[in-house]
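Based on the hints, put chain C in the right spot on chain L.
Residue numbers (our numbering), protein chains in the order written: chain L, 1 to 425; chain C, 1001 to 1425.
Think of the hints as simulated: they come from the structure by calculation, not from any bench.
Heads up, some of the hints might be wrong.
Some chain L residues near chain C, calculated using beta-carbon distances under 7 Å [as the list claims (entries may be wrong)]: (1) 71; (2) 89; (3) 100; (4) 113; (5) 145; (6) 241; (7) 365.
From the structure, some residues in chain L lie toward chain C, with a derived Cβ separation under 8 Å [said to hold, decoys possible]: (8) 47; (9) 50; (10) 65; (11) 114; (12) 119; (13) 139; (14) 143; (15) 235; (16) 345; (17) 366; (18) 369; (19) 370; (20) 397.
No farther apart than 30 Å at their CA atoms in a straight line, the calculated lysine-lysine pairs in the DSSO-like style are these [said to hold, decoys possible]: (21) 189/L with 1333/C; (22) 222/L with 289/L; (23) 1189/C with 333/L; (24) 189/L with 132/L; (25) 1202/C with 1222/C; (26) 333/L with 1333/C.
Built from N, CA and C at the ideal position, the CB exists for glycine as well.
There are 2 protein chains.
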Amino acid sequence: MTDTPSKGTATRRGFLKAGLTGGVALAGAAAAGRAVAAGDPLITEVQDWNRYPGDGVDARPYGTPSQFEAGVVRKNVAWLTADPISSVNFTPLHELDGIITPSGLCFERHHAGIAEIDPASHRLMINGLVDKPLVFTMADLKRFPRHNKVYFLECAANSGMEWRGAQLNGCQFTHGMIHCVMYTGVLLKDILAEAGVTTAGKWVLAEGADASAMTRSIPLEKALDDCMVAFAMNGEALRPEQGYPLRLVVPGWEGNMWVKWLRRLEVGDQPWQQREETSKYTDLLANGKARRFTWAMDVKSVITSPSPQAPITHGRGRTVLSGLAWSGNGTIKRVDVSVDGGRNWHTARIDGPSLSLALHRFYYEFDWDGSELFLQSRAIDEQGFVQPTKNALRAARGENSIYHNNGIQTWHVSKDGVVENVEIS
Amino acid sequence: MTDTPSKGTATRRGFLKAGLTGGVALAGAAAAGRAVAAGDPLITEVQDWNRYPGDGVDARPYGTPSQFEAGVVRKNVAWLTADPISSVNFTPLHELDGIITPSGLCFERHHAGIAEIDPASHRLMINGLVDKPLVFTMADLKRFPRHNKVYFLECAANSGMEWRGAQLNGCQFTHGMIHCVMYTGVLLKDILAEAGVTTAGKWVLAEGADASAMTRSIPLEKALDDCMVAFAMNGEALRPEQGYPLRLVVPGWEGNMWVKWLRRLEVGDQPWQQREETSKYTDLLANGKARRFTWAMDVKSVITSPSPQAPITHGRGRTVLSGLAWSGNGTIKRVDVSVDGGRNWHTARIDGPSLSLALHRFYYEFDWDGSELFLQSRAIDEQGFVQPTKNALRAARGENSIYHNNGIQTWHVSKDGVVENVEIS
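Only chain L is shown next, with the shape it has when bound in the complex (with noise of 0.2 Å):
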């Protein structure tokens, strides 16, 4: 596609903190709206569309989105990886506002592309340290209790080419392996409790029906705590990228725990290091050992607009600043926008519901008097965890890593609107 971000080769964009200058006028907002002018024909004239009937309530049994949307997508990166079937794209989190994902534009990541499974064939197996071994349809599963909850679910690698410096030029790429619905599903801990788990049994495997048949280990605790088995997202079934018919839900953790296509969960005394809790989704330190099991996602946010694909094109005056933070930790308590690189920072709005383990959507409102901007937002949880800078991240845990990159992003905004991912030091 042509507006696929290219690689940066080391850093995007540097720039000292001492040449930042701030860009909010403190006198009024001119008006935003324009006075009724005689003439404009977008007011005289009438369109086609008051002129004529459209589509009736027979066309679009299940609809989709204006035709002057369609830019509005997932987009994947295709020098990222080898194959698509394992892969990654991303969440067009620029297009988006509130702090629901519509669930055609969540993020995928596959390891062996979309299992396309068939409903009626699929069978959830409950076996290892239980007392009864046992076997569900899908139609059994949804005799259990259901809930519904409003969650997060990002990759534990969003953001992770941002540890060697400013990469991609879009939140879309930078901070787009996230998504936030509300799923319907039982709690694991019912089914569980079903199967009888043993006094031995200290861990759960998650195993999935697709062709990589991807396993992650997950502690008992926390599988009897507030994990789903979910059959549904935003209302209607899970969709197929998303795991359709069942996914595991693991609120507040790595999206790679989440296994999609859940056709088994075995009961075990330690975890079974697995490929994808070894060699991969581990965070390779400065000295070369490795943090492992680090499974909670951090605090972290990001301003979506502006954003390198969301410039600002009505020049100086009102402008309206928005963007997404949240936490593993629970809900997000505060959330601080600086727009000169961290020197000053001014308390956002939250606004929208604030729910535990979802996205929070935060504005600020600001008059641009058109100089350069350094966005940056700062989240807090309600924990008291505190987003750190990039360079405090790599202090701690060095350049290697891939994963749990939580780290202060930088937008530099021109005079003429245009906005770019930078690292300022």
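Showing chain C alone in chain L's frame:
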């Protein structure tokens, strides 16, 4: 479509309350899972989706439901109106769960079909009793502070055919003129403030840009309270059939007032007495007089499963009853469920966020003993309003009405699990 309901002649089926029996066993429910059977081919065989990789991340820029969900669609009823461009289709409530309606399944009600508007050409004008008549582009509007709210939208005519007895066999058709999404937009009061409403201004006329130029009068008090001008639903741009690029949001009030394809707001000193608020959307009483300006939607609920389109197929034992409740007065405080036609009531479990003026999801888990049931639900809102019986409504308003039927719905479950829309007296 083959499963489009036939029109009832007078009353689909009547039952005398005297004949009702209970149907809930008190003993512990049987296990929902099945013992692992060594020879079950669905456990031992490797299916194609586990054998071969599927589509990669480049295949579906905008995702769609599984092929196995092809029946989960909006449906219209051909005999209901003369032409599908001025008609309605219905949300498949019986297939959905949670409180969010997927955008592609939100019911449609058009008066001249779907306007296909180029947002670059769209304008919103404010005129009438204002200091400064103004025109806004879409970009102008996005410079006001944005807000995110989950609201239900119910057509005033939802359940309208039920005034004269049980008519349509399925909650999709009896109650499917409702949806609930997260809206993002700006407050109507903020853009009215920009134009400056004069002291004489008491009413606002909202006008659509479609070929019907839908117009409704809204009291200024409501306009300045919680009305929004929304440009997004469930995170993305409004869908064309829901008013893209701009819709008026009138929380808790009848859907017809939520003018789609919003192009003009005129401030006046009295209502305009438009067709849609005089000959339509008024409630004809038994004495020939009409109730008018009945804007707020009353407290209401419906059991979505079991229901005529979602029969019980698993036989006796553990059964999940699920439904929706809502009120134009705020949140839902309690939902009662009866399985014996209103003789005995059980408090349902409300699950998921309880948001003001949004759908609430409720469940009642019970152990079905295989006898016939008469399922009912009764919602009570935060202001203490209780959903009435249909007969109480008829006693108060006669049977001429089309609009604002919030009566208690009854589903009859036969011993073989078949469910039918009935009335009991």
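Quick rundown of the hints versus the structure:
1. 71: violated (10 Å)
2. 89: holds (4 Å)
3. 100: holds (5 Å)
4. 113: Check passed: Cβ of residue 113/L comes within 3 Å of chain C, closer than 7 Å.
5. 145: Holds, because the Cβ-Cβ distance from residue 145/L to chain C comes to roughly 5 Å (cut-off 7 Å).
6. 241: holds (6 Å)
7. 365: holds (5 Å)
8. 47: Holds, about 6 Å.
9. 50: For residue 50/L, the interface hint holds, since the closest Cβ of chain C sits about 5 Å away, which is under 8 Å.
10. 65: Where the cut-off is 8 Å and the nearest Cβ of chain C is about 6 Å from residue 65/L, the hint holds.
11. 114: At 4 Å from the nearest chain C Cβ, residue 114/L passes the 8 Å test, so the hint holds.
12. 119: holds (6 Å)
13. 139: holds (6 Å)
14. 143: holds (4 Å)
15. 235: Hint on residue 235/L: holds, closest Cβ of chain C at ~5 Å, below 8 Å.
16. 345: Because about 20 Å separates residue 345/L from the closest Cβ in chain C, which is outside the 8 Å limit, the hint is violated.
17. 366: The hint is violated - residue 366/L has no Cβ within 8 Å of chain C, the shortest such distance being about 11 Å.
18. 369: Check failed: Cβ of residue 369/L comes no nearer than 15 Å to chain C, outside 8 Å.
19. 370: violated (15 Å)
20. 397: violated (28 Å)
21. 189/L with 1333/C: holds (28 Å)
22. 222/L with 289/L: Within the cut-off at roughly 26 Å; holds.
23. 1189/C with 333/L: holds (28 Å)
24. 189/L with 132/L: holds (15 Å)
25. 1202/C with 1222/C: holds (10 Å)
26. 333/L with 1333/C: Roughly 27 Å separates the two Cα atoms, so the pair holds.
Going through the hint list in order, the structure does not satisfy hints 1, 16, 17, 18, 19, 20.
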